[in-house]
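If you're matching them up, the sequences are chains X and P in order. Here our numbering = 1-based position in the first sequence + 305. Here our numbering = 1-based position in the second sequence + 81.
Don't read these hints as lab results, they were simulated from the structure. Beta carbons are placed, not taken as given, at the ideal position from N, Cα and C, and that holds for glycine. Treat the hints with caution; some may be incorrect.
[What the hints assert, rightly or not] Only some residues are given here: those of chain P computed to face chain X with a beta carbon under 8 Å:
1. D97
2. T100
3. D119
4. G121
5. T127
6. P134
7. R143
8. A212
9. G215
[As the list claims (entries may be wrong)] Sample of chain P residues with no beta-carbon within 12 Å of chain X, all distances over it, derived:
10. G165
11. D176
12. E241
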Amino acid sequence: MLRLPRFELRQPTSLGEAVTLLREEGAGAMVMAGGTDLLPNMKHELFTPRVVVSLGRVPELRGITRDPDGTLVVGAMARIAEIASSESVRKQAPALAQAAGLVAGPQLRRAGTIGGNVLLDTRCQYYNQSYFWRSALGFCLKKDGVVCHVVAGGSRCVAAASADCAPALMTLGAVLEIVGANGHRTVAIDEFWLGDGIVNRRLAVGEILVAIRIPPTPPGHRGAYGKLRERGSIDFPLLGVACRLDVGDGDRVEHGDLVLTALAARPKRIPQAASRLVSTRLGTEEFRAAIDELGALAHRQCHTLANVPGDQEWRREMIPVYVRRTLQAAAAGNGPVHHV
Amino acid sequence: MHLKVNGDVHDVDAPDHWTLLEVLRYRLGLTGSKQGCDKGDCGACTVLVDGEPMISCLILAREAEGREIVTIEGLWPLHLARGGEGPDPVQDAFDRYGALQCGFCQSGMILSARALLDRTPSPTDEEIARALSGNLCRCTGYTQILQAVQSIVARARGVEPPRRSWEAANVGRQAGER
Ligand SMILES: Cc1cc2nc3c(=O)[nH]c(=O)nc-3n(C[C@H](O)[C@H](O)[C@H](O)COP(=O)(O)OP(=O)(O)OC[C@H]3O[C@@H](n4cnc5c(N)ncnc54)[C@H](O)[C@@H]3O)c2cc1C
Ligand code: SF4
Ligand code: FES
Ligand code: FES
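Taking the hints into account, I'd like the entire structure generated from these sequences.
What follows is the structure in structure tokens.
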């Protein structure tokens, strides 16, 4: 049995009411969307808020709509299952639909939201454990302690960004809409992250993520998501690879992107992906050489750590394999890349 | 708070931090929903919320107010209320196919399968596997569980149901193949 620590639950029925409540309660309150990350973390006493503000009854945060300019507006409370099966998302943002379809298991995809996925707490095998477990090890930097068990002598937490949807949203140039006591702001998802495993995102106390805006993609847009995990269901990523290929006349790539996750505190873009892929033609030797080279580059640039469980060397060797396969899947209009 | 469980509205007194699973088990005495990992991994606590399988150890009881909750205890009565006979066909098939050993995963498995069949009366083998992929079983190796659900689909399609594993073994023995 894992009991939740005591708290007071508030269930506002409008966005305005939620913002006011959060302003009044300050740092003692936490937001809950689907609760599938927050509640296990609270059961592990990683968070012990005095007040939990549920967004479950706030209608403004729901639904997936399209603006007149073609921007897909995904409400922060849109469920992961809804995103995985939405025709508009599958067409305009296939990498996102694929990533959403591989989050957790079916029951949790019905409860979990896209907002909660973007704001997922970073994960580490020495952190996502019960209080008793953590106390036996003497705690760590991220919570209640002073040392890091992943990087000996390390003074910075390197807990891993582990949300499957986040790298896909980065390849799509998504923009986050945020509301707080000081009003409304927008931020490109690329600018949202911090390199700190303790808190890896720029969201002030009391702020609410309202929606995620996905700009229109061209007709030749292709995308895919690859996920390495222990079992074919339920598990968090041991490695996540999102890619984008916008293909123009004569199957020529006009834009490309590659972002990996489950490595360190923020998802990692391979900056050479765009230049290396652009102007290659799908199905040619040149394209195959480009994706091989990107696999090798990713292998060089990405380091696996013991923040994520499993064999670190094996995870590292899987980087070029998943980079290649995911780019191949996108080129073929397939995906996701997954072992079952 | 008021919770609608298996068709009845219950007036329950429980603190804000209690989960739906805790209220079901420790206020309403409905212990068919199992408390396994208590953190979303195993699916033993699966109940139907508005007809869909959900993880009751990660839903606050108060968040379930106003929703229709069905637990394993409600399945047989619900089947009878709909004019059926005997237990729910999924329960019956799990029994016939020996789709359990310790039984801990069973209520969650059965509810996930029930919801699938309500939505998709004739699912493919892959759809069955996917629908049950959030329910872990540490005992059976899953074969008999999948066969149990396949047998219901086979009956609906009017085709031969999968042969039960021990029947296959007996056939082998009779033929002197062992
Ligand atoms: C067994 C298990 C397996 C899982 N597997 C995966 C997996 O494979 N891949 C994966 O990506 N995730 C996985 N998850 C994590 C989780 O289920 C998903 O990431 C889910 O999308 C989180 O959404 P939520 O609505 O439940 O978030 P919550 O738990 O409600 O919230 C998460 C965090 O975001 C904050 N928050 C949420 N919404 C808002 C908002 N609108 N404004 C401000 N703050 C907000 C909360 O305060 C909290 O800090 C798994 C979880 C479990 C228990
Ligand atoms: S990386 Fe893991 S062990 Fe190290 S400080 Fe962060 S959570 Fe703790
Ligand atoms: S007890 Fe709820 S998922 Fe394991
Ligand atoms: S029968 Fe024991 S867990 Fe499934």
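Comparing the hints with the structure gives:
1. With a least beta-carbon distance of about 4 Å to chain X, the hint placing D97/P at the interface is held under the 8 Å criterion.
2. Evaluation of the T100/P hint against chain X yields a held restraint, the C-beta minimum of about 7 Å falling below 8 Å.
3. Satisfaction of the interface hint for D119/P is found here, the shortest Cβ-Cβ separation to chain X being roughly 4 Å, below the 8 Å cut-off.
4. Hint status for G121/P: holds, given a least beta-carbon distance of 6 Å to chain X, under 8 Å.
5. Nearest Cβ of chain X to the Cβ of T127/P: about 6 Å, under the 8 Å cut. The hint holds.
6. Using the Cβ-Cβ criterion of 8 Å, the hint placing P134/P at the interface with chain X is satisfied: the shortest such distance is roughly 5 Å.
7. The interface hint given for R143/P holds, since its Cβ lies 6 Å from the closest Cβ of chain X, which is under the 8 Å cut-off.
8. Checking A212/P against chain X by beta carbon gives a least distance of about 6 Å; that is within 8 Å, so the hint holds.
9. Hint status for G215/P: holds, given a least beta-carbon distance of 3 Å to chain X, under 8 Å.
10. With a cut of 12 Å on Cβ distances, G165/P stays outside the contact zone with chain X, its closest approach being about 25 Å.
11. Listed as a non-interface residue, D176/P keeps its Cβ farther than 12 Å from every Cβ of chain X; the least gap is roughly 24 Å.
12. Every beta carbon of chain X lies more than 12 Å from that of E241/P, the smallest distance being close to 27 Å; the non-interface claim holds.
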